[in-house]
Amino acid sequence: LVFLDLLFQLLTPSILFICLVGVIVGTILGALPGLTATMGITLIIPFTYNLAIFPSFALLLGVYVSGIYGGSISATLIRTPGTPSSAATILDAYPMAQRGEAGRAIGIATIASLFGGLFSAICLVLIAPILSRYALRFGPPEFFGLAVFGLTIIITVSEKNLLKGSISGLLGLFFASFGVDPILGYPRFTFETPELLSGINFVVALIGLFAIGEVLIGIDRLGDIPSVGQKLSGLFASLRDLLQNNLCWLSSAIIGTFVGVLPGVGSTIAPWISYDMAKRLDRGRSSFGTGIPKGIIASETANNACTGGAMITMLSLGLPGDVITAILIGALLIQGLRPGPRLFVESPDLVYGIIILMFIANIFMGFVGLFGARFFARIVSIPQYILLPLIVVFSVLGAFAINNDPFDIWLMLGFGILGYLMRKWDCPPAPLILGMILGPIAESQFRRSLVISDGDYSIFFTRPISTVLLLLAIASFAFPLISAWIKGKEIHKLNS
Amino acid sequence: MKLNNKTNFGVGLAIILGSFYFFYVSEKFPREISHIPGPALFPQIILGLFVILGGLTIYSAFKSPNERRPDEASQITKERQPVRNVFIFVIYILLYGLSVWGGLFIYMTPIFIFIATWTLLKFVAKPIPYGQLMIISVVLSAALYVAFVRILKVPLQ
Chain A
1 LVFLDLLFQL
11 LTPSILFICL
21 VGVIVGTILG
31 ALPGLTATMG
41 ITLIIPFTYN
51 LAIFPSFALL
61 LGVYVSGIYG
71 GSISATLIRT
81 PGTPSSAATI
91 LDAYPMAQRG
101 EAGRAIGIAT
111 IASLFGGLFS
121 AICLVLIAPI
131 LSRYALRFGP
141 PEFFGLAVFG
151 LTIIITVSEK
161 NLLKGSISGL
171 LGLFFASFGV
181 DPILGYPRFT
191 FETPELLSGI
201 NFVVALIGLF
211 AIGEVLIGID
221 RLGDIPSVGQ
231 KLSGLFASLR
241 DLLQNNLCWL
251 SSAIIGTFVG
261 VLPGVGSTIA
271 PWISYDMAKR
281 LDRGRSSFGT
291 GIPKGIIASE
301 TANNACTGGA
311 MITMLSLGLP
321 GDVITAILIG
331 ALLIQGLRPG
341 PRLFVESPDL
351 VYGIIILMFI
361 ANIFMGFVGL
371 FGARFFARIV
381 SIPQYILLPL
391 IVVFSVLGAF
401 AINNDPFDIW
411 LMLGFGILGY
421 LMRKWDCPPA
431 PLILGMILGP
441 IAESQFRRSL
451 VISDGDYSIF
461 FTRPISTVLL
471 LLAIASFAFP
481 LISAWIKGKE
491 IHKLNS
Chain B
497 MKLNNKTNFG
507 VGLAIILGSF
517 YFFYVSEKFP
527 REISHIPGPA
537 LFPQIILGLF
547 VILGGLTIYS
557 AFKSPNERRP
567 DEASQITKER
577 QPVRNVFIFV
587 IYILLYGLSV
597 WGGLFIYMTP
607 IFIFIATWTL
617 LKFVAKPIPY
627 GQLMIISVVL
637 SAALYVAFVR
647 ILKVPLQ
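Those protein sequence lines, which keep their order, are chains A and B.
Going by our numbering, the first residue of the first sequence is number 1, and it counts up by one from there.
Going by our numbering, the first residue of the second sequence is number 497, and it counts up by one from there.
Careful, some of the hints might be misleading.
[To be verified] Computed spacing ranges between beta-carbons, pair by pair:
(1) G336(A) <-> Y520(B): 33 to 41 angstroms
(2) N500(B) <-> R221(A): 21 to 29 angstroms
(3) V645(B) <-> L197(A): 48 to 56 angstroms
(4) F479(A) <-> G506(B): 24 to 32 angstroms
(5) L499(B) <-> V125(A): 52 to 60 angstroms
[Claimed, not checked] Subject to a maximum C-alpha distance of 30 angstroms in a straight line, what follows is the list of computed DSS-like cross-link-like pairs (lysine-lysine):
(6) K487(A) <-> K498(B)
(7) K498(B) <-> K493(A)
(8) K618(B) <-> K489(A)
(9) K424(A) <-> K524(B)
(10) K559(B) <-> K498(B)
(11) K559(B) <-> K487(A)
(12) K424(A) <-> K498(B)
(13) K424(A) <-> K502(B)
These are computed hints drawn from the structure, not numbers from a lab.
All figures in this text were calculated on a predicted structure; none of them were measured in a lab.
Beta carbons are placed, not taken as given, at the ideal position from N, Cα and C, and that holds for glycine.
All chains, full assembly: derive it from the sequences and hints.
Here it is, written out as structure tokens:
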């Protein structure tokens with residue numbers, strides 16, 4: 001009855017309309033090369049400040065799930081993934097489009113994204129409450145261990161350069177320490193600037209790094225976008241396409257959800273793992289890459305399955321599964337809510353409402369994808385010289401709208417320049433944002449643990465869960481270093 | 497040892513110098529208040545780690561393969577142009593931000609879109625005519641005005 005009551009609360013025209021707007025905006029942003037789902041959510045989040053929790057999440061989740069899907073449209077039509085998560089889709093969708101079957105490829109990608117999204121949303125309903133019940137036993141040392149583990153895995157998995165990833169993550173932790181400290185209320189690094197007393201605004205930093213930073217990088221890479229040469233037909237995938245690949249659907253959805261659960265791994269890697277698995281499971285593996293439905297299914301099911309997987313970690317543990325869920329945590333904080341196991345106990349209606357919105361957003365994504373693909377195919381060709389100034393306008397207005405304070409505009413510009421320089425130096429900006437989210441959690445739990453133990457640092461290694469988490473953090477950090485060292489030795493051996 | 501990567505060296509040095517500066521600033525924060533770890537502890541741990549990473553970055557500047565090969569010299573000259581345009585664009589954003597703060601959103605948005613697009617048009621093979629660009633700037637600005645000022649009630653005037 002409570003569930004039905006919640007469902008009726010959410011199935012109002014205004015929430016459905018907002019979700020539909022989110023899905024359309026997300027698909028457009030996902031389809032446009034150079035603009036990602038991350039940027040979409042970044043640009044939209046300042047405007048959710050005045051919205052209630054459900055309309056706000058209807059909009060954000062709409063952009064999230066459809067932003068990941070939208071990348072498949074440009075991947076199919078112009079061989080450029082709209083989002084990094086659609087890179088593997090190119091392998092089979094583009095050859096199919098070259099044969100004049102772009103409509104069929106987009107149709108399969110839409111159904112695969114819908115299936116992946118719904119499968120992971122079901123997993124979210126089943127797993128998140130169990131995980132949060134278990135996490136209720138966690139104390140400050142366990143949460144500290146979890147935050148450190150989350151951060152190390154994000155640094156090590158997100159990009160290939162461990163050193164630069166670590167610098168980025170530490171920079172996030174450092175920026176998180178600006179403002180009044182979380183335990184004693186002492187002002188830190190405020191430089192007598194009243195605006196810094198409440199710390200660096202997470203959303204402003206986000207807009208700077210992911211919108212202005214991308215615009216500045218976009219200027220570096222500006223060029224002509226190839227035009228879409230064919231009309232889309234056969235968008236509604238045939239039953240044969242859908243029924244012939246049962247194992248591929250299931251394995252890709254499981255892989256996507258599982259990879260999504262792991263903090264930091266996210267939708268960029270899952271499609272590649274899933275594609276590789278589909279290839280291994282298939283007898284006719286040599287046909288992969290020639291334009292077969294299975295390749296598209298493997299990639300698109302997995303990347304959208306990541307969305308629900310990442311939400312599991314976010315809602316049950318309060319840890320971001322990827323950059324987008326870090327932003328969603330920021331959105332919850334804006335609403336005065338802190339995600340984590342206690343949220344399930346204190347506000348179960350809110351958590352289940354968000355989960356229901358995941359289902360609604362995915363269903364809308366399927367409809368919008370199938371019925372609006374022809375429109376989105378035209379949008380892919382919008383030139384970047386029009387888009388980039390528009391993103392700047394959105395960013396400036398978005399940063400200003402948060403507090404109506406010009407300080408936020410200058411801060412955003414500063415982070416934009418930082419984001420640009422980081423990208424130029426091949427330093428990933430994602431760990432910085434995750435550091436900013438995990439920093440306050442890590443610091444407050446670290447200091448609370450020391451208060452409990454009366455300053456004894458052994459508390460982190462005498463409790464089994466925190467010990468395991470910290471050891472895992474060390475292992476996740478050490479593993480790439482050791483493997484690089486072994487590789488280096490082998491190369492040295494070969495050379496000599 | 498030979499310096500192979502000047503960028504890494506510069507970044508590493510900047511990290512170390514920055515860490516020392518912020519460490520000096522954080523010295524004013526209490527480290528401990530009645531046996532409870534104080535506000536200085538966490539930032540100082542982070543800054544300590546920064547010094548190590550800065551050192552490793554400098555070390556990598558000597559160990560990594562050569563940053564610039566002779567045949568890349570011409571490409572570097574080509575790359576300077578976009579970097580200059582990035583700088584120009586940052587100035588545009590700064591001026592546009594000032595205008596929004598000064599309540600000139602309605603006047604400055606079409607001008608910003610026009611000038612920014614005009615700057616970017618230099619990079620593409622098929623630029624659009626100026627008249628068309630002017631119409632696009634005004635129409636987009638009007639749409640933004642309706643969205644932000646009328647619908648979202650952002651105080652931009």
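To see whether the hints hold, each was checked on the structure:
no. : hint                                    : result
1   : G336(A) <-> Y520(B): 33 to 41 angstroms : 36 angstroms, holds
2   : N500(B) <-> R221(A): 21 to 29 angstroms : 26 angstroms, holds
3   : V645(B) <-> L197(A): 48 to 56 angstroms : 30 angstroms, violated
4   : F479(A) <-> G506(B): 24 to 32 angstroms : 30 angstroms, holds
5   : L499(B) <-> V125(A): 52 to 60 angstroms : 57 angstroms, holds
6   : K487(A) <-> K498(B)                     : 24 angstroms, holds
7   : K498(B) <-> K493(A)                     : 24 angstroms, holds
8   : K618(B) <-> K489(A)                     : 49 angstroms, violated
9   : K424(A) <-> K524(B)                     : 35 angstroms, violated
10  : K559(B) <-> K498(B)                     : 8 angstroms, holds
11  : K559(B) <-> K487(A)                     : 16 angstroms, holds
12  : K424(A) <-> K498(B)                     : 23 angstroms, holds
13  : K424(A) <-> K502(B)                     : 14 angstroms, holds
Of the numbered hints given earlier, the model fails hints 3, 8, 9; all others are met.
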